[in-house]
Structure formats: C-alpha cells, structure tokens
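Numbering (the working numbering), first residue to last: 1397 to 1613.
Any given hint could be a false lead.
What the hints assert, rightly or not - Using 25 Å as the maximum straight-line C-alpha spacing, the simulated PhoX-like pairs for lysine-lysine come out as follows:
| no. | residue 1 | residue 2 |
| --- | --- | --- |
| 1 | K1483 | K1609 |
| 2 | K1398 | K1483 |
| 3 | K1433 | K1398 |
| 4 | K1398 | K1609 |
| 5 | K1609 | K1566 |
FYI, nobody ran anything at the bench for these hints, they're computed from the structure.
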Amino acid sequence: MKIAVLGTGMVGQAVATRLAELGHDVTMGSRDAANPKATDWAAGPGQRTAATFADAAASAELVVNATAGVATLEALALAGADNLDGKVLLDIANPLDFSNGFPPSLSVVNTDSLGEQIQREFPGAKVVKSLNTMNCEVMVDPARVGGGDHDVFVAGDDADAKATVTELLKGFGWAPEHIHDLGGIVSARGTEMYLPLWLSLMGSLGSGNFNIKVVRG
C-alpha cells in the first residue's frame, strides 16, 4: 500500500519505519521536502521517500497523522482537503498542550476530541483514531510488553476504514482479540483523555514500556 506518514518526530519515525519494513511504499511528509529528519529517514532501506505534506498525501492511499496534536489541523490543511478526500486517515496524535510546561494539559477535552475535530474539518476523509494510548515503540511492536497480551483501540465512523486500520494493526503484530472497536469517532474523547493517566503512569514506572489490558469478569 502507498502510505503517507505526516510528521517527522519519534512517533512518525517509528511508524514509518515499521511500515517500510512490512513492504509498504511509505512517504514521510513534513512542511519542507528538504526537512533533514525526513530526508535522513528516506535514505534507509525499503521504499521510502520524503515530501511535503501535500505531495505525501496526494500520492497516498492511506494517510497517518503523526504530527503534534496542537499543530494537527494546520498540518492537515497544508496536506490539502482534496488530497485527503476518500482516504483513510489514521489519527494517532494527542492534543497535548505544553504551553504551561509539564505535565501538559489537553487542548480539547470532554465534549470534543482531536479526532472529531479532524473529521469535521475534513469531512471527505475517513478518520480512524488508534494507537494513541501507548508509546511509539509499543505501537509497532506489541510483543515488547507482556508478549503482546494487551489492548489497542479503534474509533471511527466508517466501518471499512476501521477494517483497513485493523489489518495494519495486525501487520504490526496486534492479535485480533486485542483490537477493540469502540464505535464512532466520538469515542476518541475517551482514548485522548487517557493521556494524563498514561503520563502519570510513565512517571511512576520510570518507563513508557507498558500498556493497558481489558480484563472481563
């Protein structure tokens, strides 16, 4: 599949690298096609290229939003609504606001979510929220925590888009029984609001190498 990963940070690098390892044709998008993080990444093995947000999205069948949450809407506007129309948009960003230092607050919360904002702003895209409840290493290699015996969530309004994302998750190593469909994109509120707890856990554990599991009685 031709996939655009928008964002050059740790999350974008980890996800794009794993997708390339799995044989996908991956373009890392950023504001500037000459962004050194993107061009350095593109020099690695596999089918890799670097491009602007717009060029990356235009050539892709599926787009991954790995930008900083507070900059996501601007980045997607640069990618272009026409380049997102009809495509699955996997949103793994969180609306973390570090303007007042650490710990961050959420820039959108309770009655809205970043996932919903994206879907409203780009109604032609098929937005699926997933992978935002763990660190990037666990996203692409669930076996590193408890042998993979933990959970990931998907939320979105389009069933076929969620099915496409589910197949990508399986490619990363997520077992079907650990992939939970939460329903519509409104469910992104819950997964995004988990982030303050995740940050507290990371602080108390001294590591981001953990995840949560749903245990039924």
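Hint check results:
no.: 1; hint: K1483 - K1609; result: 30 Å, violated
no.: 2; hint: K1398 - K1483; result: 11 Å, holds
no.: 3; hint: K1433 - K1398; result: 20 Å, holds
no.: 4; hint: K1398 - K1609; result: 31 Å, violated
no.: 5; hint: K1609 - K1566; result: 17 Å, holds
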